[in-house]
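Trainee: Please assemble the complex out of the two chains, which come individually in their own frames, going by the hints.
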Amino acid sequence: NAGVMQNPRHLVRRRGQEARLRCSPMKGHSHVYWYRQLPEEGLKFMVYLQKENIIDESGMPKERFSAEFPKEGPSILRIQQVVRGDSAAYFCASSPSFRDSPLHFGNGTRLTVT
Amino acid sequence: AQTVTQSQPEMSVQEAETVTLSCTYDTSESDYYLFWYKQPPSRQMILVIRQEAYKQQNATENRFSVNFQKAAKSFSLKISDSQLGDAAMYFCAYRSALSTNTDKLIFGTGTRLQVFP
Numbered sequence: 426n427a428g429v430m431q432n433p434r435h436l437v438r439r440r441g442q443e444a445r446l447r448c449s450p451m452k453g454h455s456h457v458y459w460y461r462q463l464p465e466e467g468l469k470f471m472v473y474l475q476k477e478n479i480i481d482e483s484g485m486p487k488e489r490f491s492a493e494f495p496k497e498g499p500s501i502l503r504i505q506q507v508v509r510g511d512s513a514a515y516f517c518a519s520s521p522s523f524r525d526s527p528l529h530f531g532n533g534t535r536l537t538v539t
Numbered sequence: 079a080q081t082v083t084q085s086q087p088e089m090s091v092q093e094a095e096t097v098t099l100s101c102t103y104d105t106s107e108s109d110y111y112l113f114w115y116k117q118p119p120s121r122q123m124i125l126v127i128r129q130e131a132y133k134q135q136n137a138t139e140n141r142f143s144v145n146f147q148k149a150a151k152s153f154s155l156k157i158s159d160s161q162l163g164d165a166a167m168y169f170c171a172y173r174s175a176l177s178t179n180t181d182k183l184i185f186g187t188g189t190r191l192q193v194f195p
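Protein chains in written order, with this note's numbering: chain A, 426 to 539; chain B, 79 to 195.
If you are wondering where the hints come from, they were derived from the structure by calculation, not from laboratory data. The model shown is predicted, which means the values in this text are computed figures rather than measured ones. Yeah, the Cβ is synthetic: ideal placement off N, Cα and C, and Gly gets one too. Keep in mind that a hint or two might mislead.
Taking CB as the label site, the calculated pair distances span [what the hints assert, rightly or not]:
id : chain 1 : residue 1 : chain 2 : residue 2 : range
1  : A       : Pro464    : B       : Thr138    : 26 to 36 angstroms
2  : A       : Ile480    : B       : Glu130    : 37 to 47 angstroms
3  : A       : Gly498    : B       : Thr96     : 29 to 39 angstroms
4  : B       : Gln134    : A       : Glu488    : 16 to 26 angstroms
5  : A       : Gly441    : B       : Lys156    : 45 to 55 angstroms
Chain B with its partners taken away, still in its complex shape (with noise of 0.2 angstroms):
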């Protein structure tokens, strides 16, 4: 079974600066997809950025992109010139990309992100 590992609880960053949100994974499929979602206090889930595992150039969408390593299992989040806005909860999540399976997500406990002025 796949599993999704985020193993930093909560992070704060200074406004305007950039900070990394780890996420590992574990599974024995070569074809997959990979997403971060942001859940901010309203409780919405909001794609931020997906990645299909087999492409190797790393996804960017503005100031959030991506570093996916493969063959370490790991997809960690970047965000870049950090603002006010962007405290909120993220998930890293997997999907199989399999015909046999659903669609399902399979997420990780999140990491709380904290923006200071």
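So that you can see chain A by itself, here it is in the shape it has in the complex (with noise of 0.2 angstroms):
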């Protein structure tokens, strides 16, 4: 059973262009959260989502990002006109149900904005 997939691994963006990031979660998980984690911190809570449905986005700035989890697919995190504070490691989640159920993370995305 693969774990979580993330990609790319790493990505390299001008300021001002649009990041896409990709996160397939576990076989059989239904809910996706996404962190951030920036130079020598712990990782900060962006937003959750099941299929279809963003459930709390409480953690994603007002402006220029948006997440998705379609029916079908990976979940996305959408960068618009990057700038060098999105530079960042930024880490899917995910888990089979609501409540109880450990979060199995991926191996991240490093975005580095020049």
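Mentor: Written out as structure tokens, the structure reads:
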């Protein structure tokens, strides 16, 4: 059973470009979480999605950031018009259900904005 | 709002020795979960151990054990017989058990553990 798959592993974008980060949850998992890790810091919650629904986006910046988890295909975290401050590692985690299920994390995507 | 504090940015231990990593948290909730995650240089987040707040017994996973002091809101991780492969960043995390909340984890800032041969 493959784990949580994130791609790309590394992504370099120039200021003003768009970044698209993909996450395929573990098989059978319908809950996806996105976290951001700035250098030398812990992970910060961004958004929680179930299939076709955003459940909690309290950690998402109000502008330029969006996330989706369609019925078919991976979850996508999209960052428009990237700025240097967006440089970070972005982690996806999945779980099979709400409550009492441990989160399984992917290896993250390191975004570098030049 | 809940917060998690790890006051030790770096710790070191000799191989085969024991080390304890500290974590304190702040919450007004009575039911919650606490976790320790390990992040090696590969960046993967690996669950080390988990504790349910309603359980008085401290969780144990092989060489890893916790000292959970609910009244003091303290959740330290003890690593016994340290191995070179234990070297990593360790994150303490909190998750509410309230049904109205999502499963989001609140992380501390981490402790970097070095293991010397």
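Trainee: For every hint, state whether the structure bears it out.
Mentor: These are the hints, each one checked on the structure:
Hint check: proline 464(A) to threonine 138(B), Cβ distance near 33 angstroms, so the stated range 26 to 36 angstroms holds. For isoleucine 480(A) and glutamate 130(B), the Cβ-Cβ distance of about 23 angstroms falls outside the hinted range of 37 to 47 angstroms, so the restraint is violated. For glycine 498(A) and threonine 96(B), the Cβ-Cβ distance of about 47 angstroms falls outside the hinted range of 29 to 39 angstroms, so the restraint is violated. The hinted range of 16 to 26 angstroms is not satisfied by glutamine 134(B) and glutamate 488(A), whose Cβ atoms lie roughly 46 angstroms apart.
Hint check: glycine 441(A) to lysine 156(B), Cβ distance near 49 angstroms, so the stated range 45 to 55 angstroms holds.
The structure does not agree with the numbered hints 2, 3, 4 stated previously, though it agrees with the rest.
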